[in-house]
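**Student:** Each chain is listed here by its residues.
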Amino acid sequence: MISHHLLTLLVFLPSLGALLILAVRKSDALARLVALGFAVAELVLSGYFFTLDTVHTLYPAPAGFFQYENVHWIDFFGIRYTLGMDGISLLMVALTAFITVIGVGVSWQGIKERVPLHFALLLLMESGILGVFLALDLFLFYLFWEVMLIPMFFLIGIWGHGRRIYSAVKFFLYTFLGSLLMLVAIITIFLMHGAQSGTYSFALVDLIGTKVPYDVGLWLFAAFLLAFAIKFPLFPLHTWLPDAHTDAPTAGSVILASLLLKTGAYGLVRFGYPLFPDAARAFTPLIYAAAVFGISYGAWIAFAQKDMKRLVAYSSVSHMGFVALGIAAWSPIALSGAILQMVNHGVTTGALFALVGMLDERTHSREIDTYGGVWGKVPALSFFFLLFCMASAGLPGLNNFVGEFLVLIGTFKVAPLPAGFAFLGMVLTLVYTVRLVQEILFGKERKPLVMHDLSLREGGILAVLAVGAVYLGVSPSPLLELVKGPVALLVGVK
Amino acid sequence: MLGAYLPILVLVVIACLFGLGSVVFSSLIGQKKPSKVKLQPYECGCEPVGTARERFSIKFYLIAMLFILFDIEAVFLYPWAVLFKRLGTFGLIEMGVFIVILFVGYVYVWKKGALEWE
Amino acid sequence: METIAIPAINLAPIMPEIILSCIAMLLLLVNVFVPSESKGYLGVLSLVGLVATAASVVSGWGQPVAAFGGAVQLDNFAVFFKLIFICSAALAILISDKYVVREEINHGELYPLILFATVGMMLMACGMDLMVIFLGLEVLSISLYVLAGFNRGSLKSNEAGLKYFLLGAFSTGFLLYGMALTYGATGSTKIGNIAGFVATNPQVATNSLFVVGMLLIAVGFSFKTAAAPFHMWTPDVYEGAPTPITAFMSAGPKAAAFAAFIRVMIVAFPTLKHDWTDLLWILAVLTMTVGNIIALSQDNIKRMLAYSSIAHAGYALVGFTACNPEGVAGILFYMLSYTFMNIGAFAVIVLIGKKGEANGNVQDFAGLGQKRPLLAAILCVFLFSLAGIPPTAGFVGKFYLFSAAIKSGYIWLAIIGVLNSAASVYYYLRVMVYMYFKPSEEDFDWVGMTPAIAVCLLLCVATTLVLGVVPGTVLELAQKAVQF
Numbered sequence: 001m002i003s004h005h006l007l008t009l010l011v012f013l014p015s016l017g018a019l020l021i022l023a024v025r026k027s028d029a030l031a032r033l034v035a036l037g038f039a040v041a042e043l044v045l046s047g048y049f050f051t052l053d054t055v056h057t058l059y060p061a062p063a064g065f066f067q068y069e070n071v072h073w074i075d076f077f078g079i080r081y082t083l084g085m086d087g088i089s090l091l092m093v094a095l096t097a098f099i100t101v102i103g104v105g106v107s108w109q110g111i112k113e114r115v116p117l118h119f120a121l122l123l124l125m126e127s128g129i130l131g132v133f134l135a136l137d138l139f140l141f142y143l144f145w146e147v148m149l150i151p152m153f154f155l156i157g158i159w160g161h162g163r164r165i166y167s168a169v170k171f172f173l174y175t176f177l178g179s180l181l182m183l184v185a186i187i188t189i190f191l192m193h194g195a196q197s198g199t200y201s202f203a204l205v206d207l208i209g210t211k212v213p214y215d216v217g218l219w220l221f222a223a224f225l226l227a228f229a230i231k232f233p234l235f236p237l238h239t240w241l242p243d244a245h246t247d248a249p250t251a252g253s254v255i256l257a258s259l260l261l262k263t264g265a266y267g268l269v270r271f272g273y274p275l276f277p278d279a280a281r282a283f284t285p286l287i288y289a290a291a292v293f294g295i296s297y298g299a300w301i302a303f304a305q306k307d308m309k310r311l312v313a314y315s316s317v318s319h320m321g322f323v324a325l326g327i328a329a330w331s332p333i334a335l336s337g338a339i340l341q342m343v344n345h346g347v348t349t350g351a352l353f354a355l356v357g358m359l360d361e362r363t364h365s366r367e368i369d370t371y372g373g374v375w376g377k378v379p380a381l382s383f384f385f386l387l388f389c390m391a392s393a394g395l396p397g398l399n400n401f402v403g404e405f406l407v408l409i410g411t412f413k414v415a416p417l418p419a420g421f422a423f424l425g426m427v428l429t430l431v432y433t434v435r436l437v438q439e440i441l442f443g444k445e446r447k448p449l450v451m452h453d454l455s456l457r458e459g460g461i462l463a464v465l466a467v468g469a470v471y472l473g474v475s476p477s478p479l480l481e482l483v484k485g486p487v488a489l490l491v492g493v494k
Numbered sequence: 001m002l003g004a005y006l007p008i009l010v011l012v013v014i015a016c017l018f019g020l021g022s023v024v025f026s027s028l029i030g031q032k033k034p035s036k037v038k039l040q041p042y043e044c045g046c047e048p049v050g051t052a053r054e055r056f057s058i059k060f061y062l063i064a065m066l067f068i069l070f071d072i073e074a075v076f077l078y079p080w081a082v083l084f085k086r087l088g089t090f091g092l093i094e095m096g097v098f099i100v101i102l103f104v105g106y107v108y109v110w111k112k113g114a115l116e117w118e
Numbered sequence: 001m002e003t004i005a006i007p008a009i010n011l012a013p014i015m016p017e018i019i020l021s022c023i024a025m026l027l028l029l030v031n032v033f034v035p036s037e038s039k040g041y042l043g044v045l046s047l048v049g050l051v052a053t054a055a056s057v058v059s060g061w062g063q064p065v066a067a068f069g070g071a072v073q074l075d076n077f078a079v080f081f082k083l084i085f086i087c088s089a090a091l092a093i094l095i096s097d098k099y100v101v102r103e104e105i106n107h108g109e110l111y112p113l114i115l116f117a118t119v120g121m122m123l124m125a126c127g128m129d130l131m132v133i134f135l136g137l138e139v140l141s142i143s144l145y146v147l148a149g150f151n152r153g154s155l156k157s158n159e160a161g162l163k164y165f166l167l168g169a170f171s172t173g174f175l176l177y178g179m180a181l182t183y184g185a186t187g188s189t190k191i192g193n194i195a196g197f198v199a200t201n202p203q204v205a206t207n208s209l210f211v212v213g214m215l216l217i218a219v220g221f222s223f224k225t226a227a228a229p230f231h232m233w234t235p236d237v238y239e240g241a242p243t244p245i246t247a248f249m250s251a252g253p254k255a256a257a258f259a260a261f262i263r264v265m266i267v268a269f270p271t272l273k274h275d276w277t278d279l280l281w282i283l284a285v286l287t288m289t290v291g292n293i294i295a296l297s298q299d300n301i302k303r304m305l306a307y308s309s310i311a312h313a314g315y316a317l318v319g320f321t322a323c324n325p326e327g328v329a330g331i332l333f334y335m336l337s338y339t340f341m342n343i344g345a346f347a348v349i350v351l352i353g354k355k356g357e358a359n360g361n362v363q364d365f366a367g368l369g370q371k372r373p374l375l376a377a378i379l380c381v382f383l384f385s386l387a388g389i390p391p392t393a394g395f396v397g398k399f400y401l402f403s404a405a406i407k408s409g410y411i412w413l414a415i416i417g418v419l420n421s422a423a424s425v426y427y428y429l430r431v432m433v434y435m436y437f438k439p440s441e442e443d444f445d446w447v448g449m450t451p452a453i454a455v456c457l458l459l460c461v462a463t464t465l466v467l468g469v470v471p472g473t474v475l476e477l478a479q480k481a482v483q484f
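Protein chains in written order, with the UniProt record's numbering: chain A, 1 to 494; chain B, 1 to 118; chain C, 1 to 484.
Any given hint might turn out to be false.
To be verified - Part of the chain A face toward chain C, derived, beta carbon under 7 Å: (1) 76; (2) 188; (3) 191; (4) 445.
Unchecked claim - Below, in silico cross-link-like pairs of lysine-lysine (PhoX-like), each with a Cα-Cα straight-line distance of 20 Å or less: (5) 39/C / 112/B; (6) 355/C / 170/A; (7) 371/C / 438/C; (8) 39/C / 111/B; (9) 39/C / 355/C; (10) 26/A / 371/C; (11) 112/A / 39/C; (12) 438/C / 112/A.
Unchecked claim - Covered by chain C, according to a simulated footprint, are these stretches of chain B (three or more residues, beta-carbon under 8 Å): (13) 56-68; (14) 106-118.
Calculated from the structure, these hints are not laboratory results. Beta carbons: idealized from backbone N, C-alpha and C, even for Gly.
When you get a sec, could you build the whole thing from the sequences and use the hints?
**Tutor:** Next up, the structure:
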């Protein structure tokens with residue numbers, strides 16, 4: 001019985017953990033342990049899905065989905081509780097489970113107030129994100145899409161730094177506004193499909209076949225694009241991101257960068273393009289422009305930052321530009337590269353935020369000016385810092401290189417010009433990364449800093465992330481194999 | 001359609017003109033010989049005593065309101081009495097219900113002490 | 001002497017009103033005859049009365065019965081609305097007990113007045129004759145004038161009572177004048193007969209008497225639903241009235257005004273539909289926008305919720321503008337949801353407040369998240385629901401209303417609606433910002449939960465979440481309730 005509802009278990013197991021933590025609230029230590037237990041259990045469960053390669057489902061699944069659940073929910077509107085997993089979702093789910101464990105790990109000691117609530121929110125967040133990655137009913141997707149915002153709002157607002165309240169509210173309003181227009185578009189296509197076919201349904205598989213007049217399709221796609229582009233974030237809708245990332249607590253930044261941004265890209269791949277292929281084609285030049293500009297702009301602004309966290313935040317804008325580029329190209333290679341880049345960026349940027357958080361915990365400063373000559377003091381930490389900076393800069397052999405390379409190759413075939421500009425942007429990436437490494441790790445000591453090297457916990461977290469980065473860099477083929485089928489189905493290439 | 005209401009409009013206009021006219025013309029044409037007595041407020045020909053802005057006890061208002069309430073309700077009894085026979089038992093029951101509701105109000109007012117002066 | 005033929009009288013359709021009136025009168029007498037300082041037992045008796053009334057209302061579901069020559073009609077539409085009124089009255093009574101003791105206004109008349117107001121609302125919902133609707137409206141309004149000024153010792157409450165009375169009387173004048181003109185044009189006050197007259201004499205649609213009559217009726221009801229630009233009384237009255245009464249007024253009477261508004265417009269003036277939907281379009285946009293924008297700058301939380309209630313009337317007007325079965329069913333569902341989420345929020349305000357209506361500012365909620373985590377979480381549910389964030393009743397309600405508007409082709413109205421929702425999030429979030437992100441400056445003078453408020457909160461939270469997650473059954477009921 002349970003084997004038919006594994007996806008439900010997968011989505012709601014973290015919520016269960018969150019409720020348990022909130023219900024007990026005995027001690028902070030217990031809350032941490034329970035959170036870690038559930039996060040690890042979730043990771044194991046998501047790993048289990050890698051072993052299920054054949055179709056294993058009670059319900060007739062659409063092509064490409066090897067796990068599928070489809071149950072009555074609100075028949076009144078034709079809303080069904082539909083979860084489905086294909087290779088793309090599986091990668092995202094695994095990334096989510098992995099990053100949540102990291103998130104629990106990095107906030108183990110940094111969070112000292114209202115500890116149970118913090119860990120409960122982390123787990124709730126995980127549930128919301130998993131729901132987004134698995135929902136195949138647009139109503140359900142929208143529900144998870146909104147629910148996901150709430151824990152992040154509280155994470156930034158309660159445990160954040162600086163202008164945390166401003167950032168939290170800005171984050172919420174910005175993303176909420178975008179998604180509301182998407183809701184109007186969802187309702188519109190729902191009604192159009194109902195009027196055409198006579199049966200009202202929110203299921204993605206049903207709605208894909210809707211005949212949308214070209215000009216209406218443009219508006220609808222624009223509404224979807226707005227919601228996803230804000231999350232992405234595509235230039236010029238990225239302004240919430242530096243604030244939110246900078247002011248969030250470490251775990252919040254890690255999850256924001258590694259997971260929340262991916263929901264925007266995932267939404268575009270799963271819903272935006274398949275629902276409105278014609279409109280998407282019309283918008284492609286715009287997305288190219290936003291992506292290419294975002295890559296260079298993000299890198300350029302990152303170079304000017306004094307705050308390390310802000311620097312990493314802007315680097316996210318730059319890196320996510322590659323994902324947008326790959327999606328816009330919509331060819332098998334570029335799309336696979338974009339999906340791989342989503343995972344890579346999740347690992348690398350998550351690690352960088354974790355490292356910045358660790359430095360911040362030691363010196364209570366995120367200003368680049370404060371540091372210098374760190375290599376001599378904390379070699380282990382510095383080693384990881386260097387490793388992930390290099391990964392972020394796209395050093396061959398490390399993870400980001402593979403994704404960006406595939407995106408560039410794939411895009412070059414379809415649209416050489418944007419690919420060329422993106423390549424230039426990559427060079428800029430190298431510039432600010434080298435500057436960061438040079439000023440912090442090497443250079444001379446600007447202020448006397450008392451620092452201790454990595455603790456066992458921190459070392460463990462970074463080592464796991466490093467293994468991930470190297471593995472993804474050296475042997476990405478199993479992952480590419482996983483997304484090959486779904487990508488071919490999406491792009492329509494046999 | 002609205003033409004039927006024209007006489008009413010004419011009447012309203014004439015009434016307004018008449019009211020305004022008498023005030024305006026008498027102040028324009030009339031002689032003005034003010035004296036102390038003339039300027040005093042009129043109080044039935046007696047010497048005015050005290051200020052005209054005297055405050056009355058709230059109890060007067062209360063009693064007055066209650067009086068109006070029950071008095072107006074009593075008006076309903078007249079047409080009912082006239083048609084009593086033609087209304088038959090139904091009329092009796094209806095009026096019974098009406099009186100009971102009034103009575104509830106009366107008892108409430110009584111017990112609440114609204115009828116006591118002190 | 002021949003006897004006057006008395007038409008057969010069927011009391012069944014107004015049985016709920018009869019039951020509730022009798023109980024209210026009984027309570028008046030009990031109040032003066034039982035010498036007890038505590039008036040809580042009256043609350044219990046009223047709740048019993050409301051439950052009995054609800055049972056009688058429910059029995060009318062599915063079999064529309066008209067009586068009094070078609071002047072009243074108990075149909076599904078009326079039943080659904082009556083249940084909303086009963087819920088709002090019951091919830092308001094549940095949150096009153098602690099409040100009246102704290103504010104030293106523990107007079108037994110509170111409960112009969114709430115019940116009489118409910119009787120008035122119920123008459124409005126089942127009235128098929130303009131005069132019955134007017135009668136119900138007056139019974140409701142007069143009770144509410146007294147309730148708004150119930151706190152005699154408080155200047156603000158006095159102001160609320162007087163203001164409500166003056167503007168209420170004013171709006172009633174509009175309504176009555178509109179009814180008179182309509183009667184003059186069509187020769188009947190019965191909604192059905194008006195519709196019949198209009199159907200057989202289509203040229204009446206160009207008769208200025210008739211059109212002005214309809215407009216005045218619309219204006220009168222817009223006052224009662226607090227639609228902009230006829231909303232001016234709302235903030236002062238809601239702020240000044242005792243909190244449980246504010247909760248009650250924002251839920252029940254607003255729904256009652258909508259019930260009568262919808263029935264009169266859709267049944268009596270179908271031929272002028274294009275004219276009054278245009279009018280409603282403007283009203284809806286104004287109402288949503290004015291309510292939300294002014295709410296953004298409010299510090300007093302009752303005032304903020306007053307403006308937010310204006311905005312919510314605007315969302316309901318979106319469904320009304322759509323003027324299709326989905327839109328009306330959406331209003332029914334939304335009013336039900338709004339009753340629970342809004343009174344729930346007011347229940348928390350009652351708990352946080354101090355004597356003399358103190359502690360009513362959003363700043364006073366600082367630190368609630370730490371001091372009273374459960375209460376803060378519950379308030380969050382209500383606020384998220386008011387903001388229309390899933391998975392809550394408020395979201396499903398808005399979803400229904402906006403999809404009805406889109407279905408009728410009012411896509412821009414829906415877009416303006418969602419943009420308004422986005423703006424509204426700001427002031428709801430603001431309360432949460434204080435509750436969770438700011439430390440409290442002083443210790444909470446915690447008076448503690450009473451069983452009645454606990455029951456109210458539990459009911460409200462449960463309903464808000466259940467209607468948000470599994471709304472299917474209630475949605476179907478709302479759909480079946482769309483019959484006039």
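**Student:** Hints numbered earlier in the text: which of these fail when held up against the supplied structure?
**Tutor:** 4, 6, 11 and 13
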